[in-house]
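Chemist: Okay, here's what each chain looks like letter by letter:
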Amino acid sequence: AQKVTQAQTEISVVEKEDVTLDCVYETRDTTYYLFWYKQPPSGELVFLIRRNSFDEQNEISGRYSWNFQKSTSSFNFTITASQVVDSAVYFCALRGYSSASKIIFGSGTRLSIRP
Amino acid sequence: ETGVTQTPRHLVMGMTNKKSLKCEQHLGHNAMYWYKQSAKKPLELMFVYSLEERVENNSVPSRFSPECPNSSHLFLHLHTLQPEDSALYLCASSQARGAGGGEQYFGPGTRLTVT
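Note that the protein sequences, when read in sequence, are chains S and F.
Positions 1 to 115 (the working numbering) are the ones given, in order, by the first sequence.
Positions 1 to 115 (the working numbering) are the ones given, in order, by the second sequence.
The shape of chain S in the complex, shown without the other chains:
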């Protein structure tokens, strides 16, 4: 069975603080893909990043960084120097190689950045 757990339901920080969103996953596939999506108040889910299971290099994109740790089955997302525009619901997701097209989404973390 495949599962994605985002234990943090809601997080609220003051602008310019750093914040980390946790994601823990379960899969029996040896090849799999992990994703992060952002859902702003407008409703559309925006694709942020894909990580392959065979590539454990961490990634940085501007103020965003992702830490993939296969040993702990975690794929955490850090926003540095947060801004009000970062306020959204963030979803972590998993696709096992055997599951064809289906992606399993976590329940999401609502992030609020206070000015």
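Be careful, since some hints might not be right.
Mimicking DSSO-like on lysine-lysine, the simulated pairs with C-alpha atoms at most 27 Å apart in a straight line are [what the hints assert, rightly or not]:
| no. | chain 1 | residue 1 | chain 2 | residue 2 |
| --- | --- | --- | --- | --- |
| 1 | S | LYS3 | F | LYS18 |
| 2 | F | LYS41 | F | LYS19 |
| 3 | S | LYS38 | F | LYS22 |
| 4 | S | LYS70 | S | LYS38 |
| 5 | S | LYS16 | S | LYS38 |
| 6 | S | LYS38 | F | LYS41 |
| 7 | S | LYS38 | F | LYS18 |
| 8 | F | LYS18 | F | LYS41 |
| 9 | F | LYS41 | S | LYS3 |
| 10 | F | LYS19 | F | LYS40 |
| 11 | S | LYS38 | F | LYS36 |
| 12 | F | LYS40 | S | LYS102 |
| 13 | F | LYS40 | S | LYS3 |
| 14 | F | LYS41 | F | LYS22 |
| 15 | S | LYS38 | F | LYS40 |
| 16 | S | LYS102 | F | LYS36 |
| 17 | F | LYS22 | F | LYS40 |
| 18 | S | LYS102 | F | LYS22 |
| 19 | S | LYS3 | S | LYS102 |
| 20 | S | LYS16 | S | LYS102 |
Note that these hints are calculated values from the structure, not bench results.
Based on these hints, arrange chain F on the given structure of chain S.
Modeler: Positioned in the frame of chain S, the structure of chain F alone reads:
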């Protein structure tokens, strides 16, 4: 026009009405999806079409009827809905069958209210 578009963006319908939601993708993908997102609930995958063939139907009531006439278009036909069907309906597309990571790209959603 680029990406994934959905119409209408907002829909209010009575329980005896028949309406259809439309989704169109301009990304050259060959898999399309319908999701339901209710308040305080995780994303629910409703239907998956891969190469225009329905490959998944997650125990969705028959009052929801999908149609995929070609790889660029997806419809969700609605009839005799219930108030609990009020939700945000999201369409997504991706490359199917393990081609790349299979990340899904989402439309802006249709906010449906059943009165």
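Chemist: Hinted pair, alpha-carbon criterion (27 Å max): S:LYS70, S:LYS38. Please report holds or violated.
Modeler: holds, 23 Å
Chemist: Is the Cα-Cα distance between F:LYS19 and F:LYS40 27 Å or less?
Modeler: Holds: F:LYS19 and F:LYS40 sit about 25 Å apart, inside 27 Å.
Chemist: Check the hint pairing S:LYS102 with F:LYS36 against an upper bound of 27 Å on the C-alpha distance.
Modeler: holds, 15 Å
Chemist: Check whether the Cα positions of S:LYS3 and S:LYS102 lie no farther apart than 27 Å.
Modeler: holds, 12 Å
Chemist: Measure nothing beyond the straight line between the CA atoms of F:LYS41 and F:LYS19; if it is 27 Å or shorter, mark the hint as holding.
Modeler: holds, 24 Å
Chemist: Please work out if F:LYS40 and S:LYS102 have their alpha carbons no farther apart than 27 Å.
Modeler: Answer holds: F:LYS40 to S:LYS102 is near 22 Å, not above 27 Å.
Chemist: Take the C-alpha atoms of S:LYS38 and F:LYS40, compute the straight-line distance between them, and say whether it is at most 27 Å.
Modeler: holds, 16 Å
Chemist: Straight-line Cα separation of S:LYS38 and F:LYS22 no greater than 27 Å?
Modeler: Status holds; Cα separation ~23 Å.
Chemist: With a cut-off of 27 Å on the C-alpha distance, tell me whether S:LYS3 and F:LYS18 pass.
Modeler: violated, 36 Å
Chemist: Taken at face value, is the distance from the CA of F:LYS36 to the CA of S:LYS38 at most 27 Å?
Modeler: The hint holds at about 17 Å.
Chemist: Within a Cα-Cα threshold of 27 Å, do F:LYS22 and F:LYS40 meet the stated pairing?
Modeler: holds, 25 Å
Chemist: Decide if the proposed pair is consistent with the structure: S:LYS38 and F:LYS18, CA atoms, cutoff 27 Å inclusive.
Modeler: The hint is violated at about 32 Å.
When held up to the earlier numbered hints, the structure conflicts with 1, 7, 20 and fits the remainder.
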